[in-house]
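Top line first, the protein sequences correspond to chains F and E.
At position 175 of the first sequence the residue is numbered 175 (full-length UniProt numbering), and the sequence of numbers has no breaks.
At position 365 of the second sequence the residue is numbered 365 (full-length UniProt numbering), and the sequence of numbers has no breaks.
Derived by calculation from the structure, the hints in this document are not laboratory data.
The beta-carbon is built from N, C-alpha and C at its ideal position, and this holds for glycine as well.
Heads up, some of the hints might be wrong.
Cut-off 30 angstroms, straight-line C-alpha distance, at most; resulting in silico cross-link-like pairs (DSBU-like, lysine-lysine) [said to hold, decoys possible]:
(1) E:K209 <-> E:K157
(2) E:K274 <-> F:K77
(3) F:K77 <-> F:K117
(4) E:K215 <-> F:K77
Simulated coverage check for chain F against chain E, where a stretch passes if three residues somewhere in it have a Cβ under 8 angstroms from a Cβ of chain E [claimed, not checked]:
(5) 67-77
(6) 165-178
So the derived list for chain E, only partly shown, Cβ under 8 angstroms to chain F, looks like this [to be verified]:
(7) N84
(8) C88
(9) Y167
(10) D170
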Amino acid sequence: MSSISGLVAVLLTVLQWAGRGLPSPVRPICDPRVLDRFIMEARDTETALRGCKAGCGVTGTFVVPLTNVDFVVLETKDTEEQALEVQSGLFLFGQALGAVRESVSRAAVKSLIDNNKSNIHSLGQVLRSLHIKDLSLSPVPAVGDSATRKVSSLSELLRVHTNFLRGKVRLLLTNAPACQQNST
Amino acid sequence: KKMTNDNLNKLLVFCVLFCAQKTSIVHGAQALETKVALLLHAEPENPKCFAEGMSDLTCFWEEDEERAGSADQYSFIYTYQNENSSECSITALPAAGGKRLYFCRLSQTQLFVPLDIRVFRDDLLIHNRSLFIEAVFLLDPPANLTLTSTGMQGQLKASWLPPSLKYMGDSMMYEVSYAMAGSHIGKVEEVQASSELILRGLQSGTKYKVRIRVKLDGISYSGYWSAWTDPVLMETMPGDLDPLIVSLSLIISLVLTLLSLLVLMSHRRFLLKKIWPIIPTPESKFQGLFKVYGGDFQEWLGHSTGGLWLRPTYFYSEEFPVPLEVLSEVSLGPALPSSALPPKASEALGEEEDEDKKLKRVDPALMEGWRKTPQEHWTMDQLRAIHQHPAPWTQSSLLESHDAYVTLNAQNHSVEEPLDDILEETLPLQVLFASGRTSSESRSDLGSVQQSSGSGRLSSQSSFEYPNHTWPSKGPGYTYMAVADSGVSMDYSPMSSNKIDDIGKGVIYTNEYKNEIPAHRRPIGTPIHFAF
């Protein structure tokens with residue numbers, strides 16, 4: 001199991017490294033329906049696994065970012081700060097979902113988790129398209145521990161994941177300067 | 001005075017501001033009232049909370065007047081996830097139906113995090129709720145709903161002003177309800193993230209009532225349906241004539257017109273007769289009676305030659321029955337090898353029958369025999385035989401045979417003078433043969449012939465014509481039959497005793513007449529009616 005997981009991690013790292021080496025897409029992805037789809041899939045996953053008995057066999061704690069959005073405060077933040085928050089949060093979610101996938105035994109659950117993980121990866125590409133530096137792979141906690149918290153169940157993890165996508169990620173994409181020029 | 005003026009000004013300004021605020025307050029109060037009513041209906045949980053903007057939250061609950069306490073008896077505690085609790089100040093307001101409402105309003109909120117709300121009354125928890133603020137939006141209805149015409153039949157364009165919420169423009173969902181004015185049955189159309197909608201399929205020239213409400217789409221933000229806007233009325237464009245109906249009616253009218261024209265044209269004679277009856281006139285039966293003789297019947301009868309000549313053939317034939325008989329006598333000469341003759345011709349010549357029948361039979365028979373050129377050989381012999389035996393060819397027979405010529409030349413000579421005519425008429429034939437021979441023997445006898453040659457006799461004309469020209473002699477084998485009349489009857493021309501020699505040589509001229517009267521010789525107005 002560990003060898004396989006290690007292999008998978010290596011593969012993913014290699015792919016992501018290769019992906020990072022690729023030039024960023026020229027056209028910014030500003031369509032809100034892209035993120036909407038990710039949000040809906042995350043919500044569906046959350047709904048599907050809410051009734052999981054014994055947390056689907058998932059144990060342990062996961063570090064997740066904070067999802068709260070204060071519009072008044074948001075107005076004061078610039079795009080880079082928001083981007084940093086988003087990317088670090090995505091990173092954390094990636095990590096957590098990866099850990100969840102390892103501890104889950106049922107194939108159906110695994111596929112759902114995999115789907116969400118791929119969505120997070122796609123979001124990184126979307127951010128790159130908006131000329132936002134992709135820091136999701138960097139393990140550096142860009143915003144300190146105050147911006148994170150711990151969860152201990154799969155359902156809560158998924159709920160936080162959904163809220164994060166709906167809130168901070170969406171606002172970042174909506175406010176992205178690249179999209180502001182196109183939409184107006 | 002200055003002080004009072006200033007004070008008055010300040011008072012005035014204050015009053016204006018107050019009034020304006022009051023108006024807005026009144027409006028706000030009205031809006032709140034509707035929202036409260038909506039939520040009381042739509043939300044089962046307590047407290048009922050809704051967000052109107054990006055950073056606010058209004059919560060309320062209802063209590064009966066009898067059991068209601070004062071506002072300070074209650075406490076509203078709210079806690080964001082991973083944060084400390086906070087308290088919200090409560091306001092109490094009277095409501096309809098003996099109820100009391102308690103309100104709590106937050107002015108700074110956090111979205112996308114769970115919010116715990118707890119309501120205590122005298123330290124007793126009465127309400128407990130956890131919610132996401134971004135999920136309880138209750139917006140104001142869209143403003144400035146206007147209806148315009150699109151310029152097309154059965155269409156109206158509805159446009160409105162979306163609620164001015166930042167970051168949420170593309171998450172808004174609208175519902176447009178439209179119905180005919182006065183009707184309760186209407187249709188609903190949904191549209192997302194738009195500020196206008198074209199309503200189609202409407203009736204022309206009808207007044208429609210349109211209203212709209214808004215809600216967040218539920219992906220990132222969600223909430224309750226807003227209140228309906230006040231209905232806006234607009235009449236659709238008046239209906240045009242359906243082009244299909246117009247074209248069909250045009251085609252049908254065209255078809256009907258054509259049919260009526262056809263009927264009219266097919267019955268035009270009948271209709272003309274009815275409208276403009278033709279006065280019958282007997283002119284057609286009495287030709288020349290009116291035009292030439294001015295209706296004088298006696299005179300018309302007196303000029304019977306012309307008239308007789310102009311009579312129809314059947315009538316004419318009744319007058320002159322004799323010639324046929326004569327012809328038959330001539331042809332019955334003993335030296336005549338009748339068997340050698342064409343059977344039909346012999347039949348025609350040898351039989352003594354009624355003139356009418358003979359006439360009728362002669363015509364086609366003679367014509368046939370005349371045409372049958374292959375029989376020229378034996379015909380030639382027969383004729384030679386005939387010529388060598390001129391005995392049968394008596395003068396009387398000649399004379400009689402000349403009656404036939406009389407018939408022909410009746411146009412210029414009166415009937416009472418047949419003999420003269422006969423004699424004269426025989427002359428052309430004599431001349432005919434004489435010219436062929438270029439002998440002057442008969443010329444002396446035919447001195448008078450020259451005179452008659454100028455006559456406008458149809459048959460003689462043709463015979464006169466040809467002497468100066470070469471007959472279309474086709475060789476010695478051909479027999480030329482001089483025809484006394486227009487060519488209908490076949491006349492064995494060697495009637496003249498003088499010209500037997502010529503005939504014997506085979507100079508028999510067929511009157512290849514065929515109605516070929518030279519135009520200049522033909523008398524004007526003379527119809528080509530060859531009476532027989």
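The hints, checked one at a time:
Between E:K209 and E:K157 the CA atoms are separated by roughly 12 angstroms; this keeps the pair inside 30 angstroms, and the hint holds. With a C-alpha separation of about 105 angstroms, the suggested pair E:K274 and F:K77 falls outside the 30 angstroms cut-off, and the hint is violated. For the hint pairing F:K77 with F:K117, the CA-to-CA distance comes to about 28 angstroms; that is within 30 angstroms, so the pair holds. The suggested pairing of E:K215 with F:K77 holds, with an alpha-carbon distance near 28 angstroms, which does not exceed 30 angstroms.
Coverage of the region 67-77 of chain F by chain E holds in this model, with 6 residues showing a Cβ closer than 8 angstroms to a Cβ of that chain against a need of three. Look at the region 165-178 of chain F against chain E: 7 of its residues bring a Cβ nearer than 8 angstroms to a Cβ of that chain, three or more, so the hint holds. Given the 8 angstroms rule on beta carbons, the hint for E:N84 is violated: about 13 angstroms separates it from the nearest Cβ of chain F. At its closest, the beta carbon of E:C88 sits 17 angstroms from a beta carbon of chain F; the interface hint therefore is violated under the 8 angstroms criterion.
Interface restraint check: E:Y167 against chain F, minimum CB-CB distance 5 angstroms, threshold 8 angstroms, status holds. Here the hint on E:D170 is kept, as its CB sits about 5 angstroms from the closest CB of chain F, short of 8 angstroms.
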